[in-house]
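For the record, the sequence lines run as chains L and U.
In case it helps, this note's numbering puts the first sequence at residues 1 to 325.
In case it helps, this note's numbering puts the second sequence at residues 326 to 427.
Watch out, some of these pointers could steer you wrong.
[What the hints assert, rightly or not] Residues from chain U shown here face chain L by an in silico Cβ test under 8 Å; the list is partial: (1) G338; (2) L345; (3) G355; (4) K357; (5) L361; (6) A376; (7) L405; (8) L409; (9) T417.
[Claimed, not checked] When the alpha-carbon atoms are kept at most 30 Å apart in a straight line, the in silico DSSO-like pairs for lysine-lysine are as follows: (10) U:K357 to L:K21; (11) L:K72 to U:K357; (12) L:K72 to L:K21; (13) L:K209 to L:K126.
[Unchecked claim] Sample of chain L residues lacking proximity to chain U, with all beta carbon distances greater than 12 Å (derived): (14) I15; (15) S22; (16) A55; (17) G104; (18) T149; (19) L231; (20) R239.
If you are wondering where the hints come from, they were derived from the structure by calculation, not from laboratory data.
Cβ atoms here follow ideal geometry from the backbone N, Cα and C, with glycine treated the same way.
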Amino acid sequence: MNAGMILDVLLAGFIAWLAFKSLTVPDFFRAIIFFIAFGLGMALAWARLVAPDVAIAEAAIGAGLLGVLLIKSSHALPEKASPKVSLSRRWLIGFILFGALGGGIHFSSLVLNAPAAEGLGALATKHLESSGVEHPVTAVLLNYRAYDTWLEIAVLMLALWVILAIRGPSAPAESTPVTKPGIQFRTALSRGLVPIIILVSGYLLWAGKFAPGGAFQAGVVLAAGMILASLGGILPPTRWDGRLGLILGLAGFMAFLLVAIFTSLTRFTMLNYPPTQAGSWILFLEVVGTLSIAFLLFAFYLYVVAPPSSGQTRTDDSATQSSPP
Amino acid sequence: MTDPFPIYSILAGVLFFAGLAGVFLLRHFGRKIIALNITGGAVFLLLVTYAQRSEDGVIDPVPHAMVITGLVVAVSASALALALTHRVYQETGQIEFPEDHE
């Protein structure tokens with residue numbers, strides 16, 4: 001029993017507690033806050049399991065962006081208080097506890113008896129010199145399994161298209177709202193933080209070559225910067241679901257498509273970069289990919305729910321909604 | 326440093342079944358989405374726990390890449406689920422599954 005194991009036990013218990021609270025606490029908004037904290041706890045768990053890339057991605061996407069999406073939706077998905085709330089909540093907590101403990105123990109007894117296997121780590125490092133980058137996870141994402149990354153960007157695009165397609169009649173047809181004057185702190189915060197966020201995003205993109213980082217982490221940080229800029233009102237009013245959005249959203253997918261076509265024709269294998277130039281090709285794909293990913297995630301935030309119609313009143317959030325026509 | 330594998334695999338099992346119970350037992354649609362994400366997080370945890378456990382000590386980067394991909398796909402699916410939930414609420418006024426009256 002040493003310090004590492006004590007830390008792991010405490011962290012695991014903390015994460016489990018946060019998950020239980022997010023499932024059982026009565027208020028939906030509070031459940032979202034517990035879920036965000038759960039995501040950050042998971043980021044710590046990734047750090048303990050020597051997975052820094054996953055830790056950055058979880059903190060940015062899993063806790064940060066998903067949390068922002070949930071918070072934005074929380075006012076649009078009100079929770080009706082059920083009359084029999086106390087009895088059913090007790091059943092709910094009981095089932096979750098029983099399911100968690102019983103299932104976890106049974107599941108773990110299967111898993112703990114699994115033998116340690118060789119894995120693909122040795123294979124990944126063996127071909128690292130010819131992959132164009134120096135970091136194994138980036139090599140997997142953008143060289144060995146670049147096809148998966150390509151389709152992942154396609155999934156982002158598809159989700160956005162469906163979200164745009166099912167927008168209701170009260171959806172804003174105009175550009176993103178400009179903050180009403182008077183919300184000084186939010187504007188000052190955006191003005192101060194957004195340039196730094198852009199720099200951090202650029203660094204993460206560049207650092208992916210030799211350290212944890214890469215296109216996804218950089219794209220998500222950039223999306224967070226755009227969301228902050230939108231909240232602070234420093235973005236010019238633009239129509240994000242028109243031609244500009246089409247170009248930005250499609251750019252990542254098209255970049256991969258062009259590379260795939262070119263490599264299929266010249267090297268007879270799709271996405272098989274020439275080993276000496278692999279680094280430049282990967283950098284090109286990462287840069288375009290980062291811009292696309294950032295825009296697509298920002299568009300999730302913009303269009304996931306429509307702002308409340310003019311009939312409803314929101315006391316503290318009125319500045320972010322478009323003015324009723 | 327001692328092997329963290331048993332602790333985090335047990336945590337993965339606990340989170341998976343807690344999230345699964347939440348998906349079935351919670352009535353509010355938004356909470357179901359949260360529970361589904363907890364279940365997904367448990368699966369990712371198990372993948373990464375296996376990745377750091379190999380005989381020659383080299384950490385397997387392929388499950389890390391799969392988990393990063395999975396995180397982004399999970400967020401896309403959650404965003405789509407939230408949008409659908411909101412539309413259903415706008416059209417029908419229903420935000421929860423009704424209680425069974427038996």
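How the hints compare with the structure:
| no. | hint | verdict |
| --- | --- | --- |
| 1 | G338 | 3 Å, holds |
| 2 | L345 | 7 Å, holds |
| 3 | G355 | 5 Å, holds |
| 4 | K357 | 10 Å, violated |
| 5 | L361 | 11 Å, violated |
| 6 | A376 | 7 Å, holds |
| 7 | L405 | 5 Å, holds |
| 8 | L409 | 7 Å, holds |
| 9 | T417 | 12 Å, violated |
| 10 | U:K357 to L:K21 | 14 Å, holds |
| 11 | L:K72 to U:K357 | 17 Å, holds |
| 12 | L:K72 to L:K21 | 20 Å, holds |
| 13 | L:K209 to L:K126 | 16 Å, holds |
| 14 | I15 | 6 Å, violated |
| 15 | S22 | 6 Å, violated |
| 16 | A55 | 10 Å, violated |
| 17 | G104 | 4 Å, violated |
| 18 | T149 | 7 Å, violated |
| 19 | L231 | 18 Å, holds |
| 20 | R239 | 19 Å, holds |
When each numbered hint is compared with the structure, violations occur for hints 4, 5, 9, 14, 15, 16, 17, 18.
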